[in-house]
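J.: Below, each chain spelled out in residue letters.
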Amino acid sequence: GENVEQHPSTLSVQEGDSAVIKCTYSDSASNYFPWYKQELGKGPQLIIDIRSNVGEKKDQRIAVTLNKTAKHFSLHITETQPEDSAVYFCAASINSGNTPLVFGKGTRLSVIA
Amino acid sequence: DAMVIQNPRYQVTQFGKPVTLSCSQTLNHNVMYWYQQKSSQAPKLLFHYYDKDFNNEADTPDNFQSRRPNTSFCFLDIRSPGLGDAAMYLCATSRDRGPYEQYFGPGTRLTVT
Numbered sequence: 001g002e003n004v005e006q007h008p009s010t011l012s013v014q015e016g017d018s019a020v021i022k023c024t025y026s027d028s029a030s031n032y033f034p035w036y037k038q039e040l041g042k043g044p045q046l047i048i049d050i051r052s053n054v055g056e057k058k059d060q061r062i063a064v065t066l067n068k069t070a071k072h073f074s075l076h077i078t079e080t081q082p083e084d085s086a087v088y089f090c091a092a093s094i095n096s097g098n099t100p101l102v103f104g105k106g107t108r109l110s111v112i113a
Numbered sequence: 114d115a116m117v118i119q120n121p122r123y124q125v126t127q128f129g130k131p132v133t134l135s136c137s138q139t140l141n142h143n144v145m146y147w148y149q150q151k152s153s154q155a156p157k158l159l160f161h162y163y164d165k166d167f168n169n170e171a172d173t174p175d176n177f178q179s180r181r182p183n184t185s186f187c188f189l190d191i192r193s194p195g196l197g198d199a200a201m202y203l204c205a206t207s208r209d210r211g212p213y214e215q216y217f218g219p220g221t222r223l224t225v226t
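Residue numbers (the numbering used here), protein chains in the order written: chain A, 1 to 113; chain B, 114 to 226.
Looking at chain A on its own, in the form it has when it is part of the complex:
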């Protein structure tokens, strides 16, 4: 089955700097890659996702890149703010009916003011 590795497990950045979180996946059939942000005491919330037919997607300060050949995808947050502090999870999914999302282990991002 699919396996998703996520690095780093913790990340501290100064406010205004960029943050990058990387994930690799094992199953070349995976074609949907969402990123979730989970704040303390809350459920995960989707912040951006990418499908295998594109290499990059951007939404304001957040971008995701996908390299299908190398089977890795990354989350980029620019101009970080204290409210970006949270745990971020990457995930991968195959476009077939009964296959669930497989999550990475998460990255705890701390943005220091």
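I should point out that these hints are in silico values taken from the structure, not numbers from a laboratory.
Certain hints may be false.
[Claimed, not checked] Below are the DSBU-like pairs computed for lysine-lysine, each with C-alpha atoms no more than 35 Å apart in a straight line:
(1) A/105 <-> A/42
(2) A/37 <-> B/165
(3) B/157 <-> A/42
(4) A/22 <-> A/71
(5) A/71 <-> B/157
(6) B/157 <-> A/68
(7) B/151 <-> A/42
(8) A/71 <-> B/130
(9) A/42 <-> A/71
(10) B/130 <-> A/58
(11) B/157 <-> A/22
(12) A/37 <-> B/130
(13) B/130 <-> A/57
(14) A/68 <-> A/42
(15) A/57 <-> B/151
(16) B/151 <-> A/71
(17) A/42 <-> A/57
(18) A/57 <-> A/105
(19) A/57 <-> A/22
(20) B/151 <-> A/22
(21) A/68 <-> A/57
With the hints as your guide, set chain B onto chain A.
T.: Leaving out everything else, chain B in the frame of chain A:
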């Protein structure tokens, strides 16, 4: 505005005493998921319903059961909670299986005494 609602937000139960967690959704989504999330870990899928079709993950203990009486509601029953079942339980929905956004509820934190 809440789209996925979980009740209660906090639940304390005694070792071996059955407990039921509930989830409701206003999105009219076909799929409802139950995840278990332990501290500093990724969400772990327990099972999901595709409409009325129940799909159990292979490693979900028999102690965990689920019911979906209608589109809007889904219940997680833990028949004999053990100390190891203390966790956050997350409900999520998506409009279909496969590569679609999952909308998470705020979770129920279960404590077993």
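J.: Decide, hint by hint, whether the structure agrees.
T.: Each hint tested on the structure:
1. A/105 <-> A/42: 17 Å, holds
2. A/37 <-> B/165: 29 Å, holds
3. B/157 <-> A/42: 16 Å, holds
4. A/22 <-> A/71: Between residue 22 of chain A and residue 71 of chain A the Cα gap is close to 11 Å, so the pair holds against 35 Å.
5. A/71 <-> B/157: 22 Å, holds
6. B/157 <-> A/68: Satisfied, since the Cα-Cα distance of roughly 25 Å is no more than 35 Å.
7. B/151 <-> A/42: 13 Å, holds
8. A/71 <-> B/130: 45 Å, violated
9. A/42 <-> A/71: 30 Å, holds
10. B/130 <-> A/58: At roughly 48 Å apart (the allowed maximum being 35 Å), residue 58 of chain A and residue 130 of chain B break the hint.
11. B/157 <-> A/22: 20 Å, holds
12. A/37 <-> B/130: Holds, because 33 Å separates the two Cα atoms, which is no more than 35 Å.
13. B/130 <-> A/57: Violated, at about 48 Å.
14. A/68 <-> A/42: 32 Å, holds
15. A/57 <-> B/151: With a Cα-Cα distance of about 31 Å, the restraint between residue 57 of chain A and residue 151 of chain B holds, given a limit of 35 Å.
16. B/151 <-> A/71: Holds - the C-alpha atoms of residue 71 of chain A and residue 151 of chain B are around 28 Å apart, at most 35 Å.
17. A/42 <-> A/57: 26 Å, holds
18. A/57 <-> A/105: With Cα atoms ~23 Å apart, residue 57 of chain A and residue 105 of chain A stay inside 35 Å; holds.
19. A/57 <-> A/22: 15 Å, holds
20. B/151 <-> A/22: 22 Å, holds
21. A/68 <-> A/57: 14 Å, holds
The structure shown violates the earlier hints numbered 8, 10, 13.
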